[in-house]
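K.L.:
One letter stands for each residue in the lines below.
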Amino acid sequence: MSLDALYQEIILEHYKNPRNFGKLDESRAKAHYENPSCGDQIDLQILINDDNVVEDIRFQGRGCAISQASASLMTEAVKGKRLDEVEKIIESFTSLMTGEGEITVELGDLEALEGVKKFPVRVKCAMLSWTALKSLLEREKKS
Amino acid sequence: MMDLSRYRKDFPILQQTVKGRPLVYLDNAATAQKPLCVIEAVDQYYREYNSNVHRGLHTLSERATRAYEEAREKVARFIRAPRSEEIIFTRNTTESINLVAYTWARQFLKSGDAILLSEMEHHSNLVPWHLLREERQIELRFIPVTPAGELDLSQLKSLLDGVKLVAVTHMSNVLGTVNPVEMITAEAHAAGAKVLIDGAQAVPHMPVDLQAIDCDFYAFSGHKMCGPTGVGVLWAKSEILREMPPFLGGGEMIHEVFLDRSDYADIPNKFEAGTPNIAQAIGLGAAVDYLSEIGMDNVWRHEQEMAALAIEKLKSIKGLRIFGESAHRGAAISFEIEGVHPHDLATILDEQGIAIRAGHHCAQPLMRKFNVQSTARASFYFYNVPEEIDILVEGLKTAKRMFGYVT
Ligand SMILES: Cc1ncc(COP(=O)(O)O)c(C=O)c1O
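Sequence order for the protein chains is A and B. With the first letter of the first sequence counted as 1, position 36 gets the number 36 in this note's numbering; the numbers rise by one all the way through. With the first letter of the second sequence counted as 1, position 318 gets the number 461 in this note's numbering; the numbers rise by one all the way through.
Derived by calculation from the structure, the hints in this document are not laboratory data. Just so you know, not all the hints are guaranteed correct.
[Unchecked claim] Only some residues are given here: those of chain B computed to face chain A with a beta carbon under 7 angstroms:
(1) Thr202
(2) Ser204
(3) Thr208
(4) His486
(5) Asp487
(6) Asn514
[As the list claims (entries may be wrong)] With a cut-off of at most 25 angstroms between alpha-carbon atoms, the simulated SDA-like pairs for lysine to any residue come out as follows:
(7) Lys124/A with Asp493/B
(8) Lys307/B with Ile383/B
(9) Lys16/A with Val536/B
(10) Lys512/B with Trp443/B
(11) Lys118/A with Ile383/B
Note that beta-carbon positions come from the ideal geometry of N, C-alpha and C, so glycine has one too.
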């Protein structure tokens, strides 16, 4: 059944035990995103050091297993990465979800979310934290 | 239990399988399915007598006008409206409430006046009043909801002080609670306020007697009561309708037009500008005939029995919490299961052919009150059978197991 592909062990595990859950120092810029149709919420904060490496990243949120596991897996995937690598991860993950564009990097555990593609109404859930990350990075670039 | 299962065969859509399983449709509070007689009434209009109403002097137009006006009479009888010209066809409940907000309220409410709503309202009975408040200093007050999901009417008298309009739902689309609208109306009238009832969840499911309720405005949607989408009803007392300014301007709603002014037609036409949803209104007339044949007393009894049975069986699932424990309730049942988010529940149930709703049900303030973002909701209609409750319960247990919980 395709449900098993959707709710893989690793997704449920991240849903129940989210990684990098919490807050950074209040002074860090925060991106708040929610899906108005279902109420899923994500707050994301990021700390980029002078070498343009993601030194820390934290999220808080409420929502379904897909949105929360995706956020948790995302923080693991980008932590310790250089910004140019992070951008490739974002692009590749978006391709994994939409089937458009190219996957240019190893996505590792994030591949567990591939099953979401078969449930179009749920792709938005998986993408929520990624939209937040993109907007945070754009803001960081400007400042 | 009251057995209405013989009516299932009237619904072509219920005969299908979804994801390889017989469809279990439990999203009736969102919209109800359509029996063949309604589909055929719409079809027949387009095949045999499609034409505009109130305009043509030819055979088809006369027939269309007659069918359209008969639908109005059927709806009036169905809700015991004193006069059929008090039935205004709109698109849906939302438009009906907006019509009152844009015409009556803007004419008669002044800065400083108050409107009394409740914490269990659908967004369609909140946002039109927010819009009004952007234009003038209207105070919005709210009847609180108790933890059991009922209106707390203990302070009603003081809440009514200075109130010009009370607008509350007849039955909550989230909690299933049926509110004591007759009592609320009597109290409101005693305080000099007019009363609008949102009947979107009531008219499809229970006998509604407007003369007994004695409210001033009553709104509902055709699509939730086996009728087509695109047609709804606003009922209001004729003296009020006559003193209200028109809503939209255009054809049909005029008596005589000059270049610089126009005289408006009498009710109901005054509020039905332009070509109406003719086929849909005729379809709603057919739906009313169909429901009347089953008998709304029977529909209501069946749903109360289904609600009681469903609640009893749902409670057997460990970690399941039901929102709304009123004894006066219909069969819209909201719940959550610890550790499994409502959206995941909906996806997992859908994979088993079971359609429920998950989300905030257009009642975000009520969600906040219960401190949740969303709930799962199963809502039943007369064509649902007890076996479907068992399938739902099994489906929910499957979801729990998938998420690694014992059931
Ligand atoms: C209580 C209540 N009020 C209003 C509405 C709005 O109905 P509609 O979307 O048909 O305008 C609904 C249904 O969604 C409802 O359940």
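K.L.:
Now look at each hint and say whether the structure bears it out.
P.N.:
Against the structure, the hints:
1. Thr202: Thr202/B check fails; min Cβ-Cβ to chain A is 48 angstroms, beyond 7 angstroms.
2. Ser204: 42 angstroms, violated
3. Thr208: Where the cut-off is 7 angstroms and the nearest Cβ of chain A is about 41 angstroms from Thr208/B, the hint is violated.
4. His486: At about 4 angstroms, which falls below the 7 angstroms cut-off, the nearest Cβ of chain A leaves the hint on His486/B intact, so it holds.
5. Asp487: 5 angstroms, holds
6. Asn514: At 11 angstroms from the nearest chain A Cβ, Asn514/B fails the 7 angstroms test, so the hint is violated.
7. Lys124/A with Asp493/B: 18 angstroms, holds
8. Lys307/B with Ile383/B: 14 angstroms, holds
9. Lys16/A with Val536/B: Holds, at roughly 23 angstroms.
10. Lys512/B with Trp443/B: Not OK: Lys512/B and Trp443/B at ~28 angstroms, beyond 25 angstroms, violated.
11. Lys118/A with Ile383/B: Status violated; Cα separation ~53 angstroms.
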